[in-house]
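Sequence order for the protein chains is A and B.
The numbering of the first sequence is the numbering used here, which starts it at 1 and goes up by one.
The numbering of the second sequence is the numbering used here, which starts it at 1 and goes up by one.
Don't read these hints as lab results, they were simulated from the structure.
Given the structure is predicted, the values throughout are model-derived calculations rather than measurements.
Errors might be hidden in some of the hints.
Derived pair list, reagent style DSBU-like, types lysine-lysine, alpha-carbon separation capped at 35 Å [to be verified]:
#	chain 1	residue 1	chain 2	residue 2
1	B	LYS154	A	LYS129
2	A	LYS197	B	LYS176
3	B	LYS95	B	LYS176
4	A	LYS344	B	LYS95
5	A	LYS129	B	LYS59
A short list of chain B residues far from chain A (calculated; beta carbon distances all over 12 Å) [to be verified]:
#	residue
6	GLU55
7	TRP56
8	GLU64
9	ILE75
10	ILE88
11	LYS95
12	SER153
13	LYS176
14	ALA185
15	ASP188
16	ALA192
17	LEU237
18	ILE270
19	ILE282
20	LEU293
Here a beta-carbon is modelled for each residue, glycine too, at the ideal position from N, C-alpha and C.
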Amino acid sequence: MLYRENGQFKTSYAADQQIFPILQDRWAIGLLLLVAFVAMPLLGSEYFFRAILIPFLILALAALGLNILVGYCGQISLGTGAFMAVGAYAAYNFMVRIDGMPLIVAMLLGGLAATVIGVLFGIPSLRIKGLYLAVATLAAQFFTDWAFLRIGWFTNHSTSGSVSVANLNVFGIPIESPVSKYLFCLVVVCVFALMAKNLTRSAIGRQWMAIRDMDVAAAVIGIRPVYAKLTAFAVSSFIVGVAGVLWAFVYLGAWEPAAFSIDRSFQLLFMVIIGGLGSISGAFLGAAFMVLLPVVLDQLPHWLGIPISTATVSHLVHMIFGALIVFFLIVEPHGLAKLWSVGKQKMRLWPFPH
Amino acid sequence: MGFFLETLFGGLMAGMLYSLVALGFVLIYKASGVFNFAQGAMVLFAALAMARFAEWFPKWFGFESLLLANLLAFIAAMAMMVVLAWAIERLCLSKLVNQEGITLLMATLGIAYFLDGFGQTLFGSDIYSINVGMPKDPAFILEGMFEGGVMVSKEDLVAAVIAALLVIVLALFFQKTKTGRALRAVADDHQAAQSIGIPLNTIWVIVWSVAGFAALIAGIIWGSKLGVQFTLSLVALKALPVVILGGLTSVPGAIIGGLIIGVGEKLSEIYIGPMLGGGIEIWFAYVLALGFLLVRPQGLFGEKIIDRV
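Work the whole structure out from these sequences, hints included.
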């Protein structure tokens with residue numbers, strides 16, 4: 001009744017090809033953006049920004065990048081943390097070594113550095129496929145872990161191995177308070193989400209999907225696997241690299257290589273799978289799920305007033321976390337985004353399903 | 001030369017231990033097409049069970065014999081692994097039949113998280129020791145050929161022998177028994193096996209139990225070497241390059257791959273490591289495997305991947 005496209009006629013190609021062809025969707029997304037840009041900064045508490053919204057936005061961006069590689073192009077990567085690390089350390093070096101480097105430029109250069117490394121480690125994907133490739137991408141993970149720990153030049157010969165940035169600002173506006181950090185992340189995430197959405201709707205996006213569905217058949221109909229796979233690696237690692245810069249600069253402030261360990265890679269892959277492979281909204285849903293779940297699980301015994309030791313809690317969190325992941329995979333292997341679209345489909349027929 | 005041989009032997013024996021963990025991966029992948037990331041967690045779980053039961057049983061039943069305690073603990077730990085295999089099949093895998101490889105991979109990662117938490121809740125999270133009477137002192141061989149001989153750790157030697165025995169037992173089990181034949185049939189072709197009356201679910205439980213057995217042996221050996229603690233579950237990450245190097249579907253591949261990785265790791269650490277600043281073991285194994293894969297994308301002994309449109 002409320003959600004249907006009856007009477008919404010398309011009279012131009014532009015109208016037919018817009019991202020949200022249904023009026024109600026456009027209203028919903030406009031409302032969402034309004035809440036995110038206006039209501040949140042006015043209402044959110046500092047803890048809410050620091051512990052939930054900022055990590056959510058940054059991890060959603062990283063998941064978005066990974067989703068392009070795994071969900072759209074079908075190349076499983078377990079080395080996402082590595083590309084985040086490359087972005088973060090590259091941007092750090094640009095900031096430290098070049099005086100007066102603006103944050104945005106450093107961020108984009110960090111992304112570019114991640115692109116280069118991503119393409120380099122993407123080259124084996126032309127020959128190695130499936131699970132073999134997944135394990136092979138771990139090489140990137142362990143190599144960068146080692147490189148940023150052992151090679152002093154990357155960390156500007158910091159003795160503790162941890163590096164930090166301070167006095168971030170964009171066009172003279174300082175990015176220090178939680179609200180300004182949140183808004184900065186939000187803008188970056190919105191821009192990249194829009195670009196990613198449009199890329200996946202374009203010719204190159206279709207090529208990625210063809211490669212994912214069956215690479216031999218795609219090659220037969222004239223899609224160049226080399227070009228398609230390497231662009232997917234490039235775009236994906238660029239976005240992941242930018243997310244790495246944000247994670248290090250905006251969220252952590254001071255970090256060491258452990259911040260981008262293999263656990264981070266797994267966490268991002270979980271987001272993509274639980275959110276939904278091959279969907280932009282899936283990256284956000286998955287990130288929200290994976291950020292909120294540990295927070296809720298940590299607080300739960302506290303809310304219920306059950307006295308148990310923190311060690312037991314952390315083990316129980318591990319257990320519940322693992323069990324929930326398996327549960328979600330069984331209930332909806334296509335992810336939360338699929339649940340969402342099923343819900344929308346039902347809404348269109350409601351309240352007369354026949 | 002003596003030093004080189006020492007490194008070589010050390011590498012070969014470390015490689016045998018990697019193969020033990022890699023075997024678990026290969027067994028499960030062959031039979032059910034699941035890339036089991038939980039193998040490391042299973043090693044930790046089995047080792048924890050073994051260590052704690054060996055500690056608890058003498059207290060509960062009031063006996064002193066170490067041998068008896070270890071024996072009972074081994075049986076109890078093995079029983080737990082069988083129950084675990086059954087539960088994983090019943091609650092998880094049977095519901096995910098026909099899903100894509102990556103979904104199954106993620107499910108086993110979920111299982112790994114669960115097992116890590118479950119094992120440590122059940123058995124505690126301190127460092128425990130397993131004492132099965134492994135010799136700790138080093139031995140010298142080939143003393144006639146080199147001055148001072150070549151030093152090998154007796155512990156590693158025993159471990160390598162046990163690993164070799166396990167491989168022989170598994171090979172016999174697969175080749176000579178009726179169940180083994182059924183397992184190979186399922187590995188060859190699920191549908192054909194099912195159509196001639198081999199119960200898939202039972203076979204999967206058996207395979208996961210066998211992988212649990214391999215995990216238990218690996219856990220005991222690694223555990224008595226390094227102590228039983230959380231880091232034990234990370235040996236899986238050491239075994240992954242072994243698996244892809246040897247080929248996901250090949251048992252001999254796991255052994256040969258393990259030896260190559262073991263030797264490559266030790267030699268690189270000694271001869272290339274100092275140039276790069278040390279600690280290169282972990283990524284060198286992966287890069288080595290990557291190098292082999294570029295030449296043979298299906299691993300050394302894996303089945304040839306044939307793409308059909």
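Hints, one by one, checked against the model:
Using a Cα cut-off of 35 Å, the hinted pair LYS154 of chain B and LYS129 of chain A is violated, with the two alpha carbons roughly 41 Å apart. Of the supplied pair hints, the one linking LYS197 of chain A and LYS176 of chain B is violated, its CA atoms being roughly 56 Å apart against a limit of 35 Å. With a C-alpha separation of about 31 Å, the suggested pairing of LYS95 of chain B with LYS176 of chain B holds against the 35 Å cut-off. For the given pair, LYS344 of chain A sits about 26 Å from LYS95 of chain B by alpha-carbon distance, which is consistent with the 35 Å threshold.
The suggested pairing of LYS129 of chain A with LYS59 of chain B is violated, with an alpha-carbon distance near 52 Å, which exceeds 35 Å. No Cβ of chain A approaches the Cβ of GLU55 of chain B within 12 Å, the least distance being about 19 Å, so the stated non-interface status holds. The beta carbon of TRP56 of chain B is kept farther than 12 Å from every beta carbon of chain A, the shortest such distance being approximately 19 Å. Separation of GLU64 of chain B from chain A is adequate, the least Cβ-Cβ distance of about 32 Å exceeding the 12 Å criterion.
With 12 Å as the threshold on Cβ separation, the claim that ILE75 of chain B sits away from chain A holds: the shortest Cβ distance comes to roughly 26 Å. For ILE88 of chain B, the requirement that its beta carbon stay farther than 12 Å from each beta carbon of chain A is not met, with the minimum near 9 Å. At the 12 Å boundary, the C-beta of LYS95 of chain B falls inside the reach of chain A, the nearest C-beta of that chain being 5 Å off. No Cβ of chain A approaches the Cβ of SER153 of chain B within 12 Å, the least distance being about 26 Å, so the stated non-interface status holds.
The Cβ of LYS176 of chain B lies farther than 12 Å from every Cβ of chain A, with a closest approach of about 30 Å, so its non-interface assignment holds. Even its closest Cβ contact with chain A, about 23 Å, leaves ALA185 of chain B beyond 12 Å, as expected for a residue assigned away from the interface. No Cβ of chain A approaches the Cβ of ASP188 of chain B within 12 Å, the least distance being about 19 Å, so the stated non-interface status holds. The beta carbon of ALA192 of chain B sits about 23 Å from the closest Cβ of chain A, which is more than 12 Å, so the claim that it is off the interface holds.
With a closest Cβ-Cβ approach of about 7 Å to chain A, LEU237 of chain B is found to fall inside the 12 Å limit, against its non-interface label. The beta carbon of ILE270 of chain B sits about 17 Å from the closest Cβ of chain A, which is more than 12 Å, so the claim that it is off the interface holds. A cut-off of 12 Å between C-beta atoms contradicts the statement that ILE282 of chain B is not in contact with chain A; the least separation is 5 Å. Not every CB of chain A lies more than 12 Å from the CB of LEU293 of chain B, the least distance being 5 Å, so the non-interface label is violated.
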